[in-house]
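Position chain H against the provided structure of chain Z, taking the given hints into account.
Given next are the chains, with one letter for each unit.
There are 2 protein chains.
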Amino acid sequence: MKTKLIQNAAGRWVPEIVNGRQTIPFKGVGKYKPTAKKYAPAISSCADFPADGNKLVSSLKVALVKAGLADGMTISTHHHFRNGDLIANQVFDIAKELGVKNLVWFPSASFPCHEHLIPYLEDGTIHHVEGSMNGPLGRFASEGKMKGMAVLRSHGGRYQAIQDGEVKIDIAVIAAPTADFFGNATGDRGDAACGLLGFALADSQYAEKVIVATDNLVPFPCVPWQIQGNYVDYVVQVEKIGIPEKIVSGTTRITKSPDRLYIARLTAEFCNATGLIYDGFSFQVGAGGTSLSIGLYFQDILRKTGRKARFIRAGSNKYAVKMLEEGLTDYILDGQTFDLEGVRSMRENANHVNTSPFTSYNYHGKGNFAQLVDVVILGATEVDLNFNANVVTHSDGYMLHGIGGWQNCLFSKCVILPVPLFRDRIPVVVDEVTTLCGPGELIDVIVTERGIAINPKRIDLIEKAKRTNLPVRTIRELKEEAEKICGQPEKPTLTDKIIGVVKWVDGTVIDSIKQVKT
Amino acid sequence: MKTKLIQNAAGRWVPEIVNGRQTIPFKGVGKYKPTAKKYAPAISSCADFPADGNKLVSSLKVALVKAGLADGMTISTHHHFRNGDLIANQVFDIAKELGVKNLVWFPSASFPCHEHLIPYLEDGTIHHVEGSMNGPLGRFASEGKMKGMAVLRSHGGRYQAIQDGEVKIDIAVIAAPTADFFGNATGDRGDAACGLLGFALADSQYAEKVIVATDNLVPFPCVPWQIQGNYVDYVVQVEKIGIPEKIVSGTTRITKSPDRLYIARLTAEFCNATGLIYDGFSFQVGAGGTSLSIGLYFQDILRKTGRKARFIRAGSNKYAVKMLEEGLTDYILDGQTFDLEGVRSMRENANHVNTSPFTSYNYHGKGNFAQLVDVVILGATEVDLNFNANVVTHSDGYMLHGIGGWQNCLFSKCVILPVPLFRDRIPVVVDEVTTLCGPGELIDVIVTERGIAINPKRIDLIEKAKRTNLPVRTIRELKEEAEKICGQPEKPTLTDKIIGVVKWVDGTVIDSIKQVKT
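If you read the sequences in order, they're chains Z and H. The opening position of the first sequence corresponds to residue 1 in my numbering, with each subsequent residue numbered one higher. The opening position of the second sequence corresponds to residue 1001 in my numbering, with each subsequent residue numbered one higher.
Here chain Z stands alone, though its shape is the one from the complex (with noise of 0.2 Å):
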């Protein structure tokens, strides 16, 4: 059957039918304004509960049993364990055990660990994924083998699909680093610690069934209750719910490559020449290798002007804890913690404090955090002469990475894309992405290794660069630049099937991401 293609605002083809469910394509940013109301779970009654408060069944089969497995169900987990995640694989083996087909998983992320799940999705246990595939699931999904569409989505997108009831879950599994038998549970402590259990909180607010595996089994009260026991049917004791070396990494590496390092000094100069960065300021930078090296640059730039951030949103790591314990920062707002140094200061410091992508997030509420941060220093694979910038596909078409928290970020103040100009000699910067992830009109600033590009509508940051010595040049330059050097780079072999479409943070369709040519 072939899916009926509408042109979305952004001039993207994108599906009117995704996985059977009618879609809205992008209306453009702030444009298209929900009219429904948010999706209304079932009341649950307490008389339908253990009296003594305590859900502990069997095994996580039991649990799903009692949950009520079937066919078609859509099953949620959470990337709290990142690539070392154990529960979701014992999930889909528990399904393919009972002879359950086409399931929906709904990860708030895939990582290679994973791959597991490949076997399933061909023999139909699980239908499709939707979440964030980064590795080989994607490259699976890519290459057109995936029964269903792929359907990736912000961290803040995919609590606006759950709280709006574009996603019912039937089953939420939440695996948690330390828990009760009610179903409080946390991730600051534990074997398996992992900082906070964000993700889920959707999941345990609106999914139908709720259970918790964790391996760390603790007397009544669990505290802090990241995810509230009140929303949870059952909890189950395992051996072990991910391995702690995989989950957060005791070290965080600066980059060291030279060219890696000019972009992150030419990125905190940017930001300091043009005022972004004063006292009471706020900024999120990711955990890659340039961006840590921003933040220190940014630490710097603080200690030697006696100022002081208000706030760091994160993705904490050790140098962020550091800029907390050193005074450098009021707070970290933090939605994932990167090393055991951020664990421990959550846990530890009332100042580092737990936000989920509700809070950070979510577009469909009150406003949200993240666009109450000054400087937002973000990733991308490519970036067009519009601003436009894709962080899911490669420039050969293969949908290898998920969007993180990124289309939420661009909501920031300024928003600044500090990416090389080109990668393995293949230009970052180019006439046109290959997914189109973040429209532009939100993308404020392109460092490269070979100038700095200001969007043209943020004449406020032109007029403030004119009077610094900073390598400002166009866009088009810089893709100029990267071509000389590169050639023209080579347009992806795709099909005209779709594998996959890319939501923007309203529920809406931004794009498509197509079939690759094997």
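Quick caveat, the hints were computed from the structure, so don't treat them as lab data. Small disclaimer: the values here were computed from a predicted structure and weren't measured. Don't take every hint at face value.
[As the list claims (entries may be wrong)] Below, a list of computed lysine-lysine pairs in the PhoX-like style, where the Cα atoms sit at most 20 Å apart:
hint: 1; chain 1: H; residue 1: Lys1037; chain 2: Z; residue 2: Lys168
hint: 2; chain 1: Z; residue 1: Lys37; chain 2: H; residue 2: Lys1168
hint: 3; chain 1: H; residue 1: Lys1147; chain 2: Z; residue 2: Lys37
hint: 4; chain 1: Z; residue 1: Lys96; chain 2: Z; residue 2: Lys37
[To be verified] Every beta carbon over 12 Å from chain Z, so not counted as near; a handful from chain H, in silico:
hint: 5; residue: Gly1020
hint: 6; residue: Lys1055
hint: 7; residue: Leu1069
hint: 8; residue: Asn1083
hint: 9; residue: Leu1328
hint: 10; residue: Thr1495
hint: 11; residue: Lys1517
Each residue gets a CB set at the ideal place from its N, CA and C atoms; glycine is no exception.
Same frame as chain Z, now just chain H:
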């Protein structure tokens, strides 16, 4: 118009229609099973909120007008400031000034300071109050002067009613001791610090429009955010939200009455002798003088036996805080701080945990904390031969008290009511309670200065008590003794007009309150 009455499962006659809305008569404990969905508020969009997150408007009046204040709306406020509240009165002063009529006031509780609103109940600005009416408003309603019917709910029942859509809040006004311009708010700091803001949680989640009023605006982020700004529409800075000395009492007083002290000691001895105070047990005592004394006896027992409580459910005060700091309990799970020590401890100590009517009390959740408590000590205005109890009306029929968490606490593992056998020569143990608030099947023990009555259903406790020297008697013996001393109590003189109803924790109507003949 005469209201049609139905006899409920407790044998009480209750109106079929309350304030124009069909009701469900009480069906028995755990018998009514809701089949509906939770209330679904409208989906918001960040596009409709300030891009910089600043939701400040110039005055409470402006906020109310922007929120669309109009005839017939339901307006909620909260009792975190108890008798020191300055906001609820202002809200209705503004409504009066704007000529708005027939409002429903839906406070989490009202206090004598709200006597100010009686003229608005008389002139039609306010149609009726749904919520506890402590003192003057209760007297006003009892005398048949309120246009609509009073609806009394427990704290958990209030959460349940909002969650289930029984009460649709048009505008919630949340007075916050500290807040930021985004609407994040906390009660644990600021001049009017009251500890926590849990009673406003449901309102923030489900009300159509949410206004935060504060007299201590701090730069974003306000940490902790007990109320999440993502639910808030407008923020207003006011001069003063409450009178600190009336919000929390600097000192909480232990009873000095020899009879009350004896009841307290007897209660503690009963708990100790029947094995209720084991290592790792949990308890909840109220803030009254007798309850406080019981808490002190519990402390003594723990110290002497080298035991430790796992948690105290509170209503915290300096005595509970001392236990936490002395290591006599691992946690305080707090729903309401009763003195400044409670506020300080909650602010400073991560093991003094902020709870809400959702976590602690909501009967339409997947369990709640109240049911996990080993021993709960509650009060009552009357107890009858079937252990049914009353907390809202006096023997003269006047409705002068709210339910608070009382009904919700009845689900704890052992419910003990330490009550004097009579007050002002009026027996407390009676043939039949004036108003049924809690079914006797949930009430385990009555402790009076003339002996202890154990509910015949609790064979286990009766057996254990037999092996002690405790003065165990039947409830009938207690009643007869009271009547021997005070004489047969007079029945209240009531009319046939129903002025209020008492809801059970599941939203059904457990009893009616009749007008007092004046």
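Verification of the supplied hints:
{"no.": "1", "hint": "H:Lys1037 x Z:Lys168", "verdict": "holds (14 Å)"}
{"no.": "2", "hint": "Z:Lys37 x H:Lys1168", "verdict": "holds (14 Å)"}
{"no.": "3", "hint": "H:Lys1147 x Z:Lys37", "verdict": "violated (33 Å)"}
{"no.": "4", "hint": "Z:Lys96 x Z:Lys37", "verdict": "violated (36 Å)"}
{"no.": "5", "hint": "Gly1020", "verdict": "holds (22 Å)"}
{"no.": "6", "hint": "Lys1055", "verdict": "violated (7 Å)"}
{"no.": "7", "hint": "Leu1069", "verdict": "holds (18 Å)"}
{"no.": "8", "hint": "Asn1083", "verdict": "holds (31 Å)"}
{"no.": "9", "hint": "Leu1328", "verdict": "holds (16 Å)"}
{"no.": "10", "hint": "Thr1495", "verdict": "holds (36 Å)"}
{"no.": "11", "hint": "Lys1517", "verdict": "holds (39 Å)"}
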